[in-house]
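Trainee: Letter by letter, the chains look like this.
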Amino acid sequence: MGVDRPLTDTVYVTDLERMINWARKSSMWPLGFGLACCALEMIATFVSRYDLSRFGMEVARPSPRQADLMIVAGTASKKMLPAILRIYEQMAEPRWVIAMGACACTGGIYKNYAVIQGIDRHLPVDVYIPGCPPRPESLLEGILQLHAKVMKEPSFRNPRKTRIKAAP
Amino acid sequence: MNQESIGEKLLATFGEETIEETVLFQDQVSVTVSAEAIVAVCRFLKEDSELAFDFLSFVGGVDRYPATPRFELIYQLYSLKHNHRFRVKARVDESEENPASIDSVVEVWPTANWHERETAEMFGITFNNHPDPRKLLLPEHWTAHPLRKDFPLEGTDEDTPDLPREQG
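Heads up: the protein sequence lines correspond to chains Y and A, in order. First residue of the first sequence: 1049, per our numbering; consecutive thereafter. First residue of the second sequence: 15, per our numbering; consecutive thereafter.
This is chain Y alone, in the form it adopts within the complex (with noise of 0.2 Å):
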């Protein structure tokens, strides 16, 4: 048709789902926060070695508001467990969480009363990266996996709810 000819490689066709996962996946601003050692791979995950801004994830937010990933990076102890309740519950939706190492998995080395034994336990973790610490390179592809999956969800037609318990 005669339309098409100038426009060519300048107008792309795609399907509304897609296009607002691809714009999800491709601004996908993480929470500033740490709990324990995995913060600081966070941190070398963020300068300019490993640099996370090549995914559009350089901008970590300290207001849960603006935040759409929360990296759970360290051990989370019993007594810090309502804080991170409260974070979560005010991230807007859609949010994500990524387990950043053994503790934030598992438990890790601590199995004892003061720690919880994975965080998955209290919020719905969408990627576990295990490793004590995890390198940066192992955070870099639990991010890549976790924009794979963003890629794939039916944003538009069923969106995701993640409902937790509310924090006491």
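Since the hints were derived computationally from the structure, they do not count as laboratory data. Incorrect hints may appear among the rest.
[As the list claims (entries may be wrong)] With a straight-line cut-off of 30 Å between C-alpha atoms, the simulated DSS-like cross-links for lysine-lysine are:
| # | chain 1 | residue 1 | chain 2 | residue 2 |
| --- | --- | --- | --- | --- |
| 1 | A | 149 | Y | 1126 |
| 2 | Y | 1213 | Y | 1126 |
| 3 | Y | 1127 | Y | 1213 |
| 4 | Y | 1213 | Y | 1197 |
| 5 | Y | 1127 | A | 95 |
| 6 | Y | 1200 | Y | 1159 |
| 7 | Y | 1209 | Y | 1126 |
| 8 | A | 163 | A | 103 |
| 9 | Y | 1159 | A | 163 |
| 10 | A | 60 | Y | 1159 |
| 11 | A | 95 | A | 60 |
| 12 | Y | 1209 | Y | 1197 |
| 13 | A | 149 | A | 163 |
| 14 | A | 149 | A | 60 |
| 15 | A | 103 | A | 23 |
| 16 | A | 23 | A | 95 |
| 17 | A | 60 | A | 103 |
| 18 | Y | 1126 | A | 163 |
| 19 | A | 23 | A | 60 |
| 20 | A | 163 | Y | 1127 |
| 21 | Y | 1213 | A | 149 |
[What the hints assert, rightly or not] Far from chain Y, some chain A residues (derived; all Cβ distances over 10 Å):
| # | residue |
| --- | --- |
| 22 | 86 |
| 23 | 93 |
| 24 | 176 |
[Stated by the list, open to error] So, partial list: chain A residues that the calculated Cβ filter (under 8 Å) puts toward chain Y:
| # | residue |
| --- | --- |
| 25 | 51 |
| 26 | 53 |
| 27 | 153 |
| 28 | 167 |
| 29 | 168 |
| 30 | 169 |
| 31 | 174 |
Where is the CB? At the ideal position from N, CA and C, for every residue including glycine.
Model the placement of chain A on the given structure of chain Y, informed by the hints.
Mentor: Just chain A now, with coordinates in the frame of chain Y:
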């Protein structure tokens, strides 16, 4: 003063009724006093001009289960004035009708406040006349005393739950 002469001075002042045991091990003297006299002994150790233990380094507990008396309180003292150290112990027992208890030394050294609160929650020992008998570190809703020898490594969901039980 060296440790042995401090021990001798205590014994001369309070007698064998109060000073139950004096142990010399690796150039360090440990004196076990009867639990009823702990405040009197501590006050003497602080106020005597030769001893002048003006700094309480630490208060801690030991669970000697299944021995009787079951618990041991340990007071580590230091004198900034004379640069000497000393260790005082007291033993308390626990039974069905009498929970373990000892008089608080906060009136002698205010710094004992938090040390005693931690010892109280970890071992379940009551400090009589304590000005602020709340828990220090553990969640309010826990009933367990984690440093007791009969406490399981992880605790149970009953006595160390992640979150407080919902009301009603």
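Trainee: Any hints this thing doesn't respect? Which numbers, in order?
Mentor: 5, 6, 10, 24, 25, 26
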